[in-house]
Amino acid sequence: DTGVSQDPRHKITKRGQNVTFRCDPISEHNRLYWYRQTLGQGPEFLTYFQNEAQLEKSRLLSDRFSAERPKGSFSTLEIQRTEQGDSAMYLCASSLGGSAYEQYFGPGTRLTVT
Amino acid sequence: DAKTTQPNSMESNEEEPVHLPCNHSTISGTDYIHWYRQLPSQGPEYVIHGLTSNVNNRMASLAIAEDRKSSTLILHRATLRDAAVYYCTGRGGGADGLTFGKGTHLIIQP
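For the protein sequence lines, the chains are A and B, in the order given.
Once you know that position 58 of the first sequence is 39 in this note's numbering, the rest is easy, because the numbers rise by one and skip nothing.
Once you know that position 54 of the second sequence is 82 in this note's numbering, the rest is easy, because the numbers rise by one and skip nothing.
Keep in mind that a hint or two might mislead.
[Said to hold, decoys possible] Each computed EDC-like pair below joins lysine to aspartate or glutamate, with the alpha-carbon atoms no more than 16 Å apart:
#1 A/Lys38 <-> A/Glu64
#2 A/Lys52 <-> A/Glu25
#3 A/Lys52 <-> A/Glu83
#4 B/Lys130 <-> A/Glu25
#5 B/Lys31 <-> A/Glu25
#6 A/Lys(-8) <-> A/Glu64
Treat the hints as calculated values from the structure; they're not laboratory data.
Source: prediction; values computed, not measured.
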């Protein structure tokens, strides 16, 4: 399967703990996006990369959120000091370029903060 | 940010055409209009996208209004597998990520 993969698929953590999610994009895609989705809402854009450069991070929800894509391939999203309000589905997507190209989404990581 | 307006839900019968409308007056003239659909507990699935003229692919057709303030996704013969939440979307505020609304929950009756 050459689609976007995400790991883990589910994560349960206690409030205050740090969590890290991984996304592996489609191999030839240079753009990688992170979104968050809460119940009953559409995905909410967080940040994106072109190769290893993070081109937009003002949409990250707070300074507890950070993302990396160190070699322009896989990416990680870290949430420090998790709060119950962070419980959501975290989605990763990749594409060949900007608006003219479709984005392919992974299955998501479901985070539950207790 | 791009703002989209879609009906909360629509219902159709199997094997009939479905027209899903979207108003998107704030998507800029150079940004593509994208449609995605999502099943419960899955990531969104790309359906179709276009800029100004109508577009067709194996899944659907996209009719874009001449003023680009609205578009309609057309499923030519709905099947039970087409039941999903459908989102029209576009880039928001210059950032490259897509801005999603709440979408339309499409119900297909057998």
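So, going through the hints one by one against the coordinates:
no.: 1; hint: A/Lys38 <-> A/Glu64; verdict: 20 Å, violated
no.: 2; hint: A/Lys52 <-> A/Glu25; verdict: 25 Å, violated
no.: 3; hint: A/Lys52 <-> A/Glu83; verdict: 23 Å, violated
no.: 4; hint: B/Lys130 <-> A/Glu25; verdict: 10 Å, holds
no.: 5; hint: B/Lys31 <-> A/Glu25; verdict: 12 Å, holds
no.: 6; hint: A/Lys(-8) <-> A/Glu64; verdict: 14 Å, holds
Hints 1, 2, 3, counting from the list given before, are not met by this structure.
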